[in-house]
Amino acid sequence: MRYCGIDVSAKPSQQRLVTLHERRGSDGTELVATFYAPGTAADVAQTVLGFGGEAVVAIDAPSGPRLNLLAAGMPLRATLALPDGRHEQLRVAEALLYARGLPLYAVPAGAQGSARWDAWLGQGFALYGALDALELFRPDASRGHHLEASVGDGALRLGRVCETYPDAAFSVLLGHRPLPKRTPWGLQQRIAALKLRAVVDDDGGLWQRTTEELDATAAAYTAFALATGRGRWVGDPREGVIVLPTAELAERYEPLPAPARSRLSASPRPPSST
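Residue numbers for the sequence shown follow our numbering, so the first one is 1 and each next one is one higher.
FYI, nobody ran anything at the bench for these hints, they're computed from the structure. Every value quoted in this text rests on a predicted model; they were computed, and no experiment measured them. One should not assume that every hint holds.
[Said to hold, decoys possible] Restricting the straight-line Cα-Cα distance to at most 25 Å, the calculated cross-link-like pairs of lysine to any residue (SDA-like) are: (1) Lys181 to Arg77; (2) Lys11 to Thr29; (3) Lys195 to His87; (4) Lys195 to Thr183; (5) Lys181 to Asp132; (6) Lys195 to Glu22; (7) Lys181 to Pro38; (8) Lys11 to Gly129; (9) Lys181 to Gln208; (10) Lys181 to Asp203; (11) Lys11 to Thr210.
Throw the hints in and build the complete structure from the sequences for me.
This is the structure we're talking about:
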């Protein structure tokens, strides 16, 4: 089985693919990471489809536009107990993650963003379209109108491609929100979260990888969680759901408190001249 994670870029030639596969190691099963050179959405899709029916994919981009299910007066607002005027511009999945302290980009209902934003969305939609043969994971609505649940065993019968969000994925793996990924400690936290899940990089280690590659690795781990029943989805299936690599979500994910810093001694003030 190949667990594939894709980090989407607004630049057409910079889509990032990372795959994980299982290997028996001295301490148990490892998830061995393979990092691919960046390429176009078509290049990435062709590589993934080349794995045949053994591929499971998580993509770091929205799977579809907002359907305005949380617009003023919509019944889901009462279900989620949303105050008037709050989260009207969010998809249901985004509102559910916001409530847990996991903010993310709001997906527009149409072409409403900047040129770069629209380009990023377009690349994501192109990837979903190119991987349509694997089918988008969509929870079974016949089980009742749920807005989140464990993916459970046999999730792949409902689709082998899912949407994820790496910052939220790292938060649920760590149990708290990490510092920004471009800070040394934020980078170290993300690498630690992957290594604790037995993700290994045989070509020098994860410290050599870019932040985009680490995001793609978190997405690949989410694909593993979907395939093995260890994930959780949030959102309205009509609009698209987000999958995260945990069976249960905490009520809130907060940043760790800032480290203690001692106060400096106050220097004596110079005498005032009168």
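Hint-by-hint comparison with the structure:
1. Lys181 to Arg77: At roughly 33 Å apart (the allowed maximum being 25 Å), Arg77 and Lys181 break the hint.
2. Lys11 to Thr29: violated (36 Å)
3. Lys195 to His87: At roughly 35 Å apart (the allowed maximum being 25 Å), His87 and Lys195 break the hint.
4. Lys195 to Thr183: holds (18 Å)
5. Lys181 to Asp132: Violated, at about 31 Å.
6. Lys195 to Glu22: Within the cut-off at roughly 14 Å; holds.
7. Lys181 to Pro38: This hinted pair holds, its Cα atoms lying about 20 Å apart.
8. Lys11 to Gly129: Distance of about 18 Å is within 25 Å: holds.
9. Lys181 to Gln208: holds (14 Å)
10. Lys181 to Asp203: At roughly 22 Å apart (the allowed maximum being 25 Å), Asp203 and Lys181 satisfy the hint.
11. Lys11 to Thr210: The hint holds at about 16 Å.
Hint check: violations occur at hints 1, 2, 3 and 5; the rest are consistent with the structure.
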